[in-house]
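Undergrad: Below, each chain spelled out in residue letters.
2 protein chains.
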Amino acid sequence: MSKTESLVYVALGGAGEIGMNMYLYGYGAEKKRRWIMVDAGVAFPDMDSSPGVDLITADPEFITSKAHALDAIFITHAHEDHVGAIGRLFPQLKAPIYAREFTAEIARGKMEEAGQDPSEVVTVGAWPEQVEVGPFKVGFLPISHSVPESSAMIIDSPAGRVFHTGDWKRDPDPQVGEPFDPDAIAEVSKDGILALVCDSTNVFSKNPGRSEAELVGPVTELLKNQPGLVVATTFASNVARLRTLALAGQAAGRSIAVIGRAMHKMIGTARKTGLLTDFPDMIDINDAAQLPAENVLVLASGSQGEGRAASAQLSRGGYGKLSLKDGDTFLFSSKVIPGNEVAVARIENALAMQGVDVVGEEGGLYHVSGHANRPDLEEMHRLTKPQFVIPMHGEYRHLREHAKLAEQGGFSAVVAPNGTMIDLSGNQPKVAEMIDTGRRYVDGSVIYGAMDGIVRDRIRMAIRGFLVVNIVLDEKNRLVGDAWVEARGLFTEVGGVEAGLQSELEEVITRDLAKAKAKVRADDEAVEKLVKQTAINKANRLIGKKPEVTVMINRLED
Amino acid sequence: MSKTESLVYVALGGAGEIGMNMYLYGYGAEKKRRWIMVDAGVAFPDMDSSPGVDLITADPEFITSKAHALDAIFITHAHEDHVGAIGRLFPQLKAPIYAREFTAEIARGKMEEAGQDPSEVVTVGAWPEQVEVGPFKVGFLPISHSVPESSAMIIDSPAGRVFHTGDWKRDPDPQVGEPFDPDAIAEVSKDGILALVCDSTNVFSKNPGRSEAELVGPVTELLKNQPGLVVATTFASNVARLRTLALAGQAAGRSIAVIGRAMHKMIGTARKTGLLTDFPDMIDINDAAQLPAENVLVLASGSQGEGRAASAQLSRGGYGKLSLKDGDTFLFSSKVIPGNEVAVARIENALAMQGVDVVGEEGGLYHVSGHANRPDLEEMHRLTKPQFVIPMHGEYRHLREHAKLAEQGGFSAVVAPNGTMIDLSGNQPKVAEMIDTGRRYVDGSVIYGAMDGIVRDRIRMAIRGFLVVNIVLDEKNRLVGDAWVEARGLFTEVGGVEAGLQSELEEVITRDLAKAKAKVRADDEAVEKLVKQTAINKANRLIGKKPEVTVMINRLED
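Just so you know, the protein sequences line up as chains A and B, in that order.
Heads up: the first sequence runs through residues 5 to 562, numbered per the numbering used here.
Heads up: the second sequence runs through residues 5 to 562, numbered per the numbering used here.
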């Protein structure tokens, strides 16, 4: 245990997956360390691993267990995987939240949704403004990404300066918000960067990233040439893209209607914070339905195939009074996040059934990524000249590849997945400690751990089906009536009888219990074990399946 | 109802999804029609829509309900989505099965696995050999694809000739098996093709398809240049690819080990049927573990990230005595089927953690598709010059796009998704009838319908969690003891108490039952309704969740 003051970095989430970003920086002697957090985001559940869950967050236990050691939370930008957990986790974190204006507005919304006080979110100006918290001074350096006011965190400590990129891309002309500014990056880096903690999402993309500005021409051309109504979808938070689409629509003589709560929220926030001054007036979707189709552009949320979002609703028949028809066009100005392919294809098929033409990425004509590609990462290494690079925001394979890339460029690099605490104070990064990390599931109004067994039980019921066996035993441990079996999620029409499975199981359980020794019947655990075994074996013989079983033993008293 | 003799086509599966192919051709007056089936394949389940299911097949009810009307089943090739259901469905279909030698061997395996007589599968030679069944004469015209002996069905009837492509690609040099032969296709088409029923999988791929032969150089180069052990995965059935990989390994001085049951089966069958004469000798995986790493190539099944397959096992630590280490290479000589992205990435991350370099498609250097691209489809239209094109083997969007493509080339085309029966006899295709189609789930030892509610219940349990409420009522309808609640897949630590949820629910259910009128308590349905409502409302207040509820009412008799 070191008593020397040192600067440490550890990811609680985001370095091992793309999502649920949560990074900590600590300074001080180990026992007295003060901490700041960068980002508190969510990841999204899926049926494979987290059925029934609403949202996933990183487990903040490591920091929440240290009372009052957390001095501040900084939010780099307004994407869900960076800001989405702030409201739900705030009661545990209890530290002031700092963000730039647009991000702060979104963060306040998250606080309100979770019943927390939105005034805990403090608006901070861009670099060179700095927030002093404990031993840290932290500034928001504007950096281009696919949402306004994205910022790198410039984190100063007595041990030196860390450049935490947040999500970024190299875009000299992002249309909305600040361009990528190599001079500004070089300037903050000129006195030396201890560590570059850097986005790794697109490390496998070999060509330089492309600018949002490259889309304006093709999108305008496309919208002018479509004979019918056009619906365009993208990420709701991509304000620049929404503007590109809307202005192109306007140029094509189309009125603009926007559907989807998330999209309205983002456009509203961007207007309120002065980031979106030239967005055309919007019309109501029901009014749009009355106009000639070729005069309408609809911007719709749900680019990832989300079943309840506006795009999915449109594909299934309509939204409000608007429905699509033969000759209309649907533009996905977005990429499909891995795992969402089937959901997106479902929408494409539903649209095809209505005669709607689907236009996708078309080799990047209508979409550019918001993340830095391989050559852009190399440029960032060169601009900041860090003592070492710590890849973040990626699955393990991205982190490893990014570290290799940095090393190829002559930089030291360290792969530090979630829980690997790195001491940044020496000349070389070293592992200070391995801490426990994990996932928390937000589900209804409660939050619980991914390893608590709740979701494991759901998956088991979904895969195996479920049996409940009800037994009544009298005061002499004799079975009263027969065993009673209820089945869920199981094929029960055994032997051509509708509840044949249940009957067969009831018969064999009743028989086995009758045959069992009195000592067994007197013992709840022994009864449960016997009944489970009998039920599972018989079900397996009848339907080739070993269900989950719950046994309920009712004992009658004198 | 027409009494005229006519030729009809209908897809029971495969025209509306990629998978579970099952096509029917019928000839005769409507009441006396004789039928043949082409293919009987499976689709694969997923947690989103079919948790706990083993395999999915098309519902053959339309044909099995017509006793003895099915004269024969023809299998185009040995892929699971064409042959996989033959064993399980045979007891209902009960018609002789015809296939070429390699396919027949695989089909016999499917029959044996399902406890059926493999001798029901009859081996047929290639075109010009024909099988005469009822009013049909059917021949197997060799066509290139990614599994040996793939064939188009040349279906002659009194109404004319149908060209049913099966799965195909345009490959002049497929390495194993017969090349794409435009002259042979033109020859069988020269007297006129009534309908071209054609694979649509790759209709959105704009460039001409590439030959298997193009991979030989790059793969050999790659295997020569890797410093450590190389593992390569691909589809087990892609015998040509396995040969390409093995010969490249041999050229690079590597011994070849093969792991995975499916891969051994395919290699064995290809050797047995004389299709694979130059495949190098294989060594045991445990012997391979003793060799210098750079002298070993392992061919492993599981290219789609299947959790139990050899590739996944290797990524998690090892297979037999072999484990991977820093400097080894893992080659995915395959594409990721939509929906499998996350599973494949899981393997890539696990490999990255072991320091293993992953090589993927690399823009087609190490993988080519087995399906015909857009220009290849146009070539097929031109070669066969059909009266009309019926797109098959695709989701709806593929079928629609393929029909548009055919029409652009001057051909008539009709989109006929599953259940749309097309009369092929006239000058123009017309819809003869719409029939019910659906999916059957193979689950353990039983098969049931997708709409039977079994899987719906599983999904509900997985999303909502599950409560069982046990009630004992005496002969006077009085509650004996308290209600008893068991919870599965639910957060239960309410109020800091381990089973707080159950306690709270028991209390409120007991109270509500006590307050209920005697008439209510006397009626099982009324009790159930009351208990469910109380349980759901209370759970929603406590944990923000509305679980599935089963109520078990035990009534004591005098």
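Just so you know, the hints here were simulated from the structure itself, not pulled from any lab data.
This one's a predicted model, so the numbers in the text were calculated from it and none came from an experiment.
There could be a bad hint or two in this list.
Pairs of lysine-lysine, DSSO-like flavour, derived with a Cα cap of 30 Å [what the hints assert, rightly or not]:
1. Lys210(A) x Lys228(B)
2. Lys228(A) x Lys408(B)
3. Lys408(A) x Lys329(B)
4. Lys210(B) x Lys228(A)
5. Lys434(B) x Lys329(A)
6. Lys550(A) x Lys533(A)
7. Lys533(B) x Lys210(A)
8. Lys408(A) x Lys389(B)
9. Lys550(A) x Lys434(B)
10. Lys269(B) x Lys533(A)
11. Lys339(A) x Lys228(B)
Undergrad: Which of the listed hints are broken here?
TA: 7, 8, 9, 10, 11
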